[in-house]
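Listed below, chain by chain, are the residues.
Number of protein chains: 2
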Amino acid sequence: MSNNTKKPLFDVVAIIGIGLIGSSIARAIKKYGLADKVYGYAKTDSTRNTAKKLGYMDEIYDNAIETVKDADLTILCTPVGANLSIIIQIGEHLKSGSILTDVGSVKGSVIRDILPHISEDITFIPGHPIAGTEFSGPESGFAELFQKKWCVLTPLDNCIEVKLNILIKFWQSCGMLVDVMSAEHHDLVLAITSHVPHLIAYNIVGTAADLEKVTRSEVTKYAAGGFRDFTRIASSDPIMWRDIFLNNKDAVLEMLGRFVEDLTALQKAIRWSDGDKLEELFVKTREIRKSIILKEDETNNYK
Amino acid sequence: MSNNTKKPLFDVVAIIGIGLIGSSIARAIKKYGLADKVYGYAKTDSTRNTAKKLGYMDEIYDNAIETVKDADLTILCTPVGANLSIIIQIGEHLKSGSILTDVGSVKGSVIRDILPHISEDITFIPGHPIAGTEFSGPESGFAELFQKKWCVLTPLDNCIEVKLNILIKFWQSCGMLVDVMSAEHHDLVLAITSHVPHLIAYNIVGTAADLEKVTRSEVTKYAAGGFRDFTRIASSDPIMWRDIFLNNKDAVLEMLGRFVEDLTALQKAIRWSDGDKLEELFVKTREIRKSIILKEDETNNYK
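If you're matching them up, the sequences are chains A and B in order.
Mapping to the working numbering: the first sequence position 165 is 166, numbers consecutive.
Mapping to the working numbering: the second sequence position 268 is 269, numbers consecutive.
Wrong hints could be hidden among the right ones.
A pair holds if it fits inside one copy or across any two, identical chains being indistinguishable in the list.
What the hints assert, rightly or not - In silico EDC-like pairs for lysine to aspartate or glutamate, Cα to Cα no more than 20 Å straight-line:
no., residue 1, residue 2
1, 269, 122
2, 296, 219
3, 170, 37
4, 214, 185
5, 296, 135
6, 291, 280
7, 291, 230
8, 296, 211
9, 278, 251
10, 164, 180
11, 96, 121
12, 291, 211
13, 54, 140
14, 278, 211
15, 278, 238
16, 149, 219
17, 70, 59
18, 269, 251
19, 8, 263
20, 150, 219
21, 53, 67
22, 291, 219
23, 250, 238
These aren't lab readings, by the way, just hints derived from the structure by calculation.
Input sequences plus hints: build the corresponding full structure.
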């Protein structure tokens, strides 16, 4: 029972929004003993009922203020677009001296939305655990979701270091590797490694659905040739992704511009049967795959 | 020993090109007892030596004519762009009355390349087993690669039905579901379900590699957000894919045109913060994912 005798990092953690990420965090907190109590808030009856049945939270509230008022750590796990209305409700009810963080895939807009609505004795540390699946809802969560994945924190200039270290310790205890960078840089990195890939996956699946010469039934039947992987990405939560694109507009449009530029060159190479140019790119991209696999092996060894 | 007493479909099968597909076919033939003998041809010493070590072929030749002259079924498993030079070599040495097929991802250009070089007593049935992995080479093959996957055959108008049925039976015995359609339609269907998805995966990985504000090391580190799936696709065999794009130019450019059109509309929706338009697409694409999963379940039940 040694796990139970170790003092947990927090007395109370409040989770606002019980979807895939929120419910996975609650499970991880329980599994690794990171808080005495976990309180959760969900907007709808049906999510609250599902979460209650799953039973890994100590209290589930239909009132966000009630959920956060005693919490030492509050984690916003709602879609990025919902932050503003949530923080307007809970901002002045957060416990004095507590830490506020979030899990959004965009960081610049989150700071813009949150900061004006909290008092100076709250330490707000924007965060992004880069982990997920194509499934959503509390029933899709699992404690191991974060294992060996990266979490990026983008603390503000005046961040209290001891609080930052507690939050780093929290995510590390969930199994994550933690990096610290500016919100602006985070938003650029994620635009190319996540947001634009999702956008083009959504787009190709949409294009395929609207053809007149190839039926939708043929598209689904012969998906094994490559298309299937795109549909997995393009089945990610629609609201969450709508909010990401609206809130990381500048970086997404910049990266998308480069993608289209490169695609136009590739299109021209095909039209003019420039096999060397195609082969050169395809050899280069294979190398990048190799370095990702290598990096993952390093990460696994490091853990 | 009942398997050994059943007469196999063919006395001799010749496999031209021993890569992922060729070696998987040889293994499947042995596993399911589909031929008395399997002969293989590979261009390079190193491939022949690897294939010899793996040991699932009865003979491995450095001479394509020798390989095919006694074969009742010859399967071209070389990249699509190599067909012409191969058929110029072997065309007049194919066994009278035998079946010739291929496994290329493009069918129109294969017919154009092959047909002028074979005599009338050879039944040429273009084929495409839609199965593969991102790995290449004889050591990557496995007998179960074809299980529950679709194989498309695109017989010519004057195809002898009994020969077509033998080839259908062959692929079914490897575990595949077989469909028959025109070469032209195949090339359109595959352009959208496979060729354009590969092209945009190669393209985004290339774009990410060439950024100045985001390092390559950051791209590989944070690949879990979606990018990683694209790098898997973009690590497929460069030569094979170069040949596919060069040989299915018209259909690829047509589908790519539509993709870019749709992407431009999406780009505009982001620029003008049109959340409804984004959400509408993202909900639709999620439905398509569901129908693919449903179709796969049906396929599995059907088997």
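Going through the hints against the structure:
In the homo-oligomer, the alpha carbons of residue 269 and residue 122 never lie at most 20 Å apart, since the shortest distance is 57 Å inside one protomer and 41 Å across protomers. Taking identical chains as interchangeable, the C-alpha atoms of residue 296 and residue 219 lie at most 20 Å apart only when they sit on different chains, with a minimum of 10 Å there against 38 Å within one chain. When the C-alpha separation of residue 170 and residue 37 is checked against a cutoff of 20 Å, the pair qualifies only within one copy, where the shortest distance is 16 Å, while the shortest distance between copies is 64 Å. For the identical chains of this complex, residue 214 and residue 185 are inter-copy neighbours only, at 11 Å across copies versus 44 Å inside a copy, given an alpha-carbon limit of 20 Å.
Taking the shortest alpha-carbon separations for residue 296 and residue 135, only the inter-copy value of 18 Å comes in at or below 20 Å, while the best intra-copy value is 23 Å. When the C-alpha separation of residue 291 and residue 280 is checked against a cutoff of 20 Å, the pair qualifies only within one copy, where the shortest distance is 17 Å, while the shortest distance between copies is 35 Å. Proximity of residue 291 and residue 230 under a CA criterion of 20 Å is satisfied in both settings, with 19 Å inside one chain copy and 13 Å between copies. Taking the shortest alpha-carbon separations for residue 296 and residue 211, only the inter-copy value of 19 Å comes in at or below 20 Å, while the best intra-copy value is 39 Å.
For the homomeric pair residue 278 and residue 251, the shortest alpha-carbon distance between copies (18 Å) is at most 20 Å, but the shortest distance inside one copy (30 Å) is not. For a Cα distance limit of 20 Å, the shortest separation of residue 164 from residue 180 inside one copy, 15 Å, qualifies, whereas the shortest one across copies, 62 Å, does not. In this homomeric assembly, residue 96 and residue 121 come within 20 Å of each other (Cα to Cα) only inside a single copy, at 12 Å, whereas the closest approach across copies is 86 Å. For the identical chains of this complex, residue 291 and residue 211 are inter-copy neighbours only, at 17 Å across copies versus 35 Å inside a copy, given an alpha-carbon limit of 20 Å.
Taking CA atoms no more than 20 Å apart as the test, residue 54 paired with residue 140 passes inside one copy only; the shortest distance there is 10 Å, against 49 Å between copies. Taking CA atoms no more than 20 Å apart as the test, residue 278 paired with residue 211 passes between copies only; the shortest distance there is 15 Å, against 31 Å inside one copy. Only between protomers do residue 278 and residue 238 lie at most 20 Å apart by alpha-carbon distance; the minimum there is 15 Å, versus 37 Å within a single protomer. In this assembly of identical chains, residue 149 and residue 219 lie within 20 Å of each other by CA distance solely across copies; the values are 16 Å between and 38 Å within a copy.
Taking the shortest Cα distances, residue 70 and residue 59 sit within 20 Å of each other inside one copy (15 Å), while across copies they are farther apart (75 Å). Taking CA atoms no more than 20 Å apart as the test, residue 269 paired with residue 251 passes between copies only; the shortest distance there is 12 Å, against 27 Å inside one copy. With identical chains, the CA atoms of residue 8 and residue 263 are never at most 20 Å apart, being 54 Å at best within one copy and 54 Å at best between copies. Taking the closest pair of Cα atoms, residue 150 and residue 219 come within 20 Å of each other only across two copies (14 Å); inside a single copy the shortest separation is 36 Å, beyond that limit.
Taking the shortest Cα distances, residue 53 and residue 67 sit within 20 Å of each other inside one copy (17 Å), while across copies they are farther apart (71 Å). Within a single copy, residue 291 and residue 219 get their C-alpha atoms only as close as 33 Å, which misses the 20 Å cut-off; across copies the closest is 14 Å, which meets it. Taking CA atoms no more than 20 Å apart as the test, residue 250 paired with residue 238 passes inside one copy only; the shortest distance there is 18 Å, against 35 Å between copies.
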